[in-house]
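Turn these sequences into a full structure, and let the hints guide you.
Position 284 (the sequence shown) corresponds to 284 in UniProt numbering; numbering is contiguous.
Keep in mind that the hints were calculated from the coordinates and are not lab data. Hints are all accurate, no fakes.
Derived BS3-like pairs: lysine-lysine, alpha-carbon spacing no greater than 27 Å straight-line:
1. 134 x 111
2. 89 x 111
3. 208 x 239
4. 239 x 205
5. 130 x 89
6. 290 x 89
7. 305 x 290
8. 287 x 305
9. 239 x 111
10. 130 x 111
11. 89 x 287
12. 322 x 239
13. 130 x 287
14. 322 x 287
15. 208 x 322
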Amino acid sequence: MLISVAIRSVVVGVVVVLLALGTSRTGAAAGPMPAPGYDLTTFATGGRSFNPDSVTSGGGHIFVGYQNATPPDGSAGTSTIVEYGMDAKVARSWTVAGKNDGLRLDPFTGKLWATRNEDANPALTIIDPKTGNKTDYSFPAPPHGGGYDDIAFTRQGTFIVASNPATPGAHLPAVQRVTSLAGGVVGLEPILYDDSAAIDRSSGKTTKLALSDPDSLWITSGGSLALTAQADRQVIFIKHPGSQSQRNEVVNVTTAGAAEELDDSAAVKSRQGFLLVVDHDTNTIYKLTKDGGFHSGPTYSQAPKGSPVAGVVGTFDTRTGKLSPVATGFVNPTGLLFVATGEPSGDDQGDNGGGDHNNQQGGND
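As structure tokens, then:
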């Protein structure tokens with residue numbers, strides 16, 4: 001089930017050769033290809049569990065959500081949460097009803113939050129990796145008519161994306177804060193709407209959002225909460241989320257000057273570490289490293305299948321919205337995580353300054 005095959009891109013004349021444990025392959029048959037200065041290996045592949053989507057970490061372990069063949073409204077099927085060691089060996093797994101999309105580890109409690117059914121009929125499962133116990137929670141009827149997706153944990157609270165709004169661009173919640181889990185029901189309050197005002201970073205002028213596809217949450221190196229609106233090709237930065245001084249800023253995402261869609265983003269918080277890239281359609285989790293180590297602070301993002309420039313992972317400039325590819329040739333990258341080696345608690349949502357704890361960072365926001 002697990003493979004560890006090193007891939008390095010080398011240019012010889014006009015022929016690109018990939019070296020995999022000493023075995024050459026031409027670029028046409030090679031699959032994902034890293035830019036010079038980066039290395040790509042296969043961390044793990046799915047078996048009986050397939051269609052990986054989200055990835056998170058904590059306590060020296062990696063957790064991957066496999067969606068299997070489950071529809072996004074959870075009307076049938078189950079998903080599988082698989083726990084790996086850093087050596088990519090499977091430690092254990094959990095089955096959850098419906099389609100798992102958001103998967104995050106809460107560094108305050110050490111528990112996994114797995115949202116289910118991002119399009120409709122949403123639910124939440126919280127897993128204790130220490131005991132193996134899992135608890136299911138329900139949501140009130142979603143005011144936006146859709147489901148719930150990604151999660152972020154900060155000292156200001158736990159935030160969750162309200163996905164698949166019934167009326168795009170209307171005055172409906174885009175990001176909500178969790179207020180309670182009492183009685184097995186998730187209590188929520190909105191902190192950002194699909195039509196909220198935001199400052200355009202390119203012009204400095206205030207604009208009105210018209211979001212149709214709130215998708216992923218992450219936290220910048222400066223401590224701001226960030227929402228990726230995938231099909232809208234925008235990222236919204238939310239400073240001091242949920243407070244009276246909350247400030248929203250927006251950038252339009254581009255690659256090579258063209259509008260671009262993003263899925264997950266992850267920020268680097270240590271020179272020592274690596275990125276995990278989930279390629280959903282090839283059932284593969286890749287490990288991306290950088291020669292000489294990473295620089296703390298930059299954000300990496302991915303463009304999934306269906307994007308104008310699809311199947312790439314690159315550095316993301318949070319001031320301009322520009323995505324600069326560092327690895328290409330993925331079929332459908334849907335999950336991204338920076339794992340800092342030597343961190344005691346890890347997780348893609350670790351404490352990274354600004355009062356927030358989410359190891360996804362990017363830029364000096």
